[in-house]
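S.K.: Sequence:
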Amino acid sequence: MIENDEDRADALFHALADRTRRDILRRVLGGEHSISALASHYNMSFAAVQKHVAVLERAGLLTKRRQGREALARGDLQVVRSTAALLTELEHAWRGRIDRIDALLDQLKE
Numbered sequence: 001m002i003e004n005d006e007d008r009a010d011a012l013f014h015a016l017a018d019r020t021r022r023d024i025l026r027r028v029l030g031g032e033h034s035i036s037a038l039a040s041h042y043n044m045s046f047a048a049v050q051k052h053v054a055v056l057e058r059a060g061l062l063t064k065r066r067q068g069r070e071a072l073a074r075g076d077l078q079v080v081r082s083t084a085a086l087l088t089e090l091e092h093a094w095r096g097r098i099d100r101i102d103a104l105l106d107q108l109k110e
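Using the working numbering, read the sequence shown as starting at 1 and increasing by one per residue.
Honestly, the hints are just simulated from the structure, not real lab data. This one's a predicted model, so the numbers in the text were calculated from it and none came from an experiment. Mixed in with the good hints, there may be bad ones.
FRET-style restraints, in silico, Cβ to Cβ [what the hints assert, rightly or not]:
1) 19 to 69: 26 to 32 Å
2) 64 to 86: 19 to 25 Å
3) 91 to 45: 14 to 20 Å
4) 108 to 29: 46 to 52 Å
5) 4 to 32: 28 to 34 Å
6) 19 to 107: 39 to 45 Å
7) 30 to 108: 28 to 34 Å
Think of the CB as a built atom: it goes at the ideal place given N, C-alpha and C, for glycine as much as any other residue.
All chains, please: the whole structure from these sequences, using the hints.
M.R.: Below you can see the structure in the form of structure tokens.
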């Protein structure tokens, strides 16, 4: 379980740092997929795809459920939206810092 906001951000960015995981997330945001169906899209072992899915699940970006022998994964759009909000928040913080640096540089020029 993710303990605080910083740990959550770390887990989200770690999960999204890999292109295969981003592709898996795009697929499961479009609807529920079995892990075996997801694995068929990649040139890697089923176990490797399972590990990617586990990273996405730990970050909260997708949920898994069992249906008989199949494990099914579905993306959580709300978590993706909260990730976008976090990025917007970080952007505003950095823009503010850059604006202050620009103002200081302008003062030095005068």
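S.K.: Which numbered hints turn out to be false for this structure?
M.R.: Going through the list in order, the structure violates hints 3 and 7 and respects the others.
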